[in-house]
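Q: Going line by line, the protein sequences match chains A and B. Position 15 of the first sequence, counted from 1, bears residue number 15 in my numbering, the numbering being contiguous throughout. Convert by adding 1000 to the 1-based position in the second sequence; the result is the number in my numbering.
If you're looking for bench data, these hints aren't it; they were derived computationally from the structure. C-beta atoms are modelled at their ideal positions from N, C-alpha and C, and glycine is treated no differently. Certain hints may be false.
Taking CB as the label site, the calculated pair distances span [as the list claims (entries may be wrong)]: (1) A/Asp104 with B/Ala1065: 52 to 60 Å; (2) A/Gly54 with B/Glu1085: 40 to 48 Å; (3) B/Asp1039 with A/Gly54: 21 to 29 Å; (4) A/Gly109 with B/Lys1083: 33 to 41 Å; (5) B/Glu1085 with A/Asn30: 55 to 63 Å; (6) A/Asp121 with B/Asn1158: 36 to 44 Å; (7) B/Gly1136 with A/Asp104: 53 to 61 Å.
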Amino acid sequence: MSKNGLKLAILCCNYTNLSDREDFLEIPVNLEIKRFPCSGKIEITDMLRALREGAKGVMVAGCLPGTCHNGRGSERAEKRVLGAQKIIEEIGLESERIKMFFVDRLDGGDFIEKAKAFYKDILNLELKEREKK
Amino acid sequence: MIIAERRPIPEILANIENYEKVLVLGCRGCVAVCSAGGDREVAIMAEAIRLARSLQGKPIEVLEATFIRQCDPEYLEPLKGFKDEVEAVVSLACGVGVNLIADLYPDVRVYPGVDTTFYGANLALGEWVEKCRGCGDCIIDKTGGLCPIARCAKNLLNGPCGGSQEGRCEVRKDMPCIWHEIVERLKARGELERLMEIWEPKDWRPAGGDGLRVRIREDLRLNGGK
Chain A
1 MSKNGLKLAI
11 LCCNYTNLSD
21 REDFLEIPVN
31 LEIKRFPCSG
41 KIEITDMLRA
51 LREGAKGVMV
61 AGCLPGTCHN
71 GRGSERAEKR
81 VLGAQKIIEE
91 IGLESERIKM
101 FFVDRLDGGD
111 FIEKAKAFYK
121 DILNLELKER
131 EKK
Chain B
1001 MIIAERRPIP
1011 EILANIENYE
1021 KVLVLGCRGC
1031 VAVCSAGGDR
1041 EVAIMAEAIR
1051 LARSLQGKPI
1061 EVLEATFIRQ
1071 CDPEYLEPLK
1081 GFKDEVEAVV
1091 SLACGVGVNL
1101 IADLYPDVRV
1111 YPGVDTTFYG
1121 ANLALGEWVE
1131 KCRGCGDCII
1141 DKTGGLCPIA
1151 RCAKNLLNGP
1161 CGGSQEGRCE
1171 VRKDMPCIWH
1181 EIVERLKARG
1191 ELERLMEIWE
1201 PKDWRPAGGD
1211 GLRVRIREDL
1221 RLNGGK
């Protein structure tokens, strides 16, 4: 599928799910996947930097609660997403541009479906923005 | 510790809107412990400023540093290495740090990146509660260690007001009535009669009513304080 110029970032735990770029080919965007040792290691700065570097949305993906290798890493990630959402709202962006997803570690389909849904949300935001202009 | 809270980012952006290179300066003292101005918060603030300015089409260079403290002149010395390099400093220290930079480096434009709020304890992750008002005339030896100045909404000195109900504060229902707790604690210790003692009027001068508060200890000063 041809790319539509939109860039999305997926920040995820190394263990969350092994789906890689080729698994997301159905989503017609420039996708940047950054893996971390644990989603609890994903900092607010990583989310903000992804936006500054051109991503229109940042999907933070971590293991389902209770399945994190490191105990509560994905719960920490969820809290940091809240912090990042507050910041981007203050600077005039929609908070939905950064979103937390808990992803089944073994089910690649689940991850891909959530990425597709996120892509649609971001696409809608972009279309609304263009209408405003 | 001193508790502080990040200021709204639009206010910080307004203060630095005319600059193209700034320093976000953290402090590893109280504000680091209360997650308002340590290394991590410096990185977040710097990235937030970069993102906001890049969205505005006015990119900015943001340097990051965190000093051990900002409330001692010697720990502010490294600022000399930055002051000619940047146009302004956004300090994430408490108001003490911002004031000391303004005093010692009058040519540096320094702006607060946090609001300094109170002296409090860290009761749980992400939760801080005021415990002391810094009034300078401590009376908690008489009240079982519980401070009615900081912890009573009306700063009462003579027992609970008529509005407290079932041990809860009238002003803040989510808070205990501290006078209720004082009475219950002293009662449990068999020391309730201590509250029958007539106190002298509280001296509010050390709370700031006598102007700027200064403390000098001659037994520590060398070279006349220079």
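Q: A/Gly109 and B/Lys1083, beta-carbon distance inside 33 to 41 Å?
A: violated, 56 Å
Q: Lying within 40 to 48 Å: is that true of the beta-carbon distance A/Gly54 to B/Glu1085?
A: violated, 28 Å
Q: Within 53 to 61 Å: is that where the Cβ-Cβ distance between B/Gly1136 and A/Asp104 falls?
A: holds, 58 Å
Q: Within 21 to 29 Å: is that where the Cβ-Cβ distance between B/Asp1039 and A/Gly54 falls?
A: holds, 26 Å
Q: Can the suggested window of 36 to 44 Å be confirmed for the beta-carbon pair A/Asp121 and B/Asn1158?
A: violated, 59 Å
Q: With respect to the beta-carbon atoms only, verify the hint that A/Asp104 and B/Ala1065 lie 52 to 60 Å apart.
A: violated, 42 Å
Q: Do B/Glu1085 and A/Asn30 keep their Cβ atoms within the hinted range of 55 to 63 Å?
A: violated, 36 Å
Of the numbered hints given earlier, the model fails hints 1, 2, 4, 5 and 6; all others are met.
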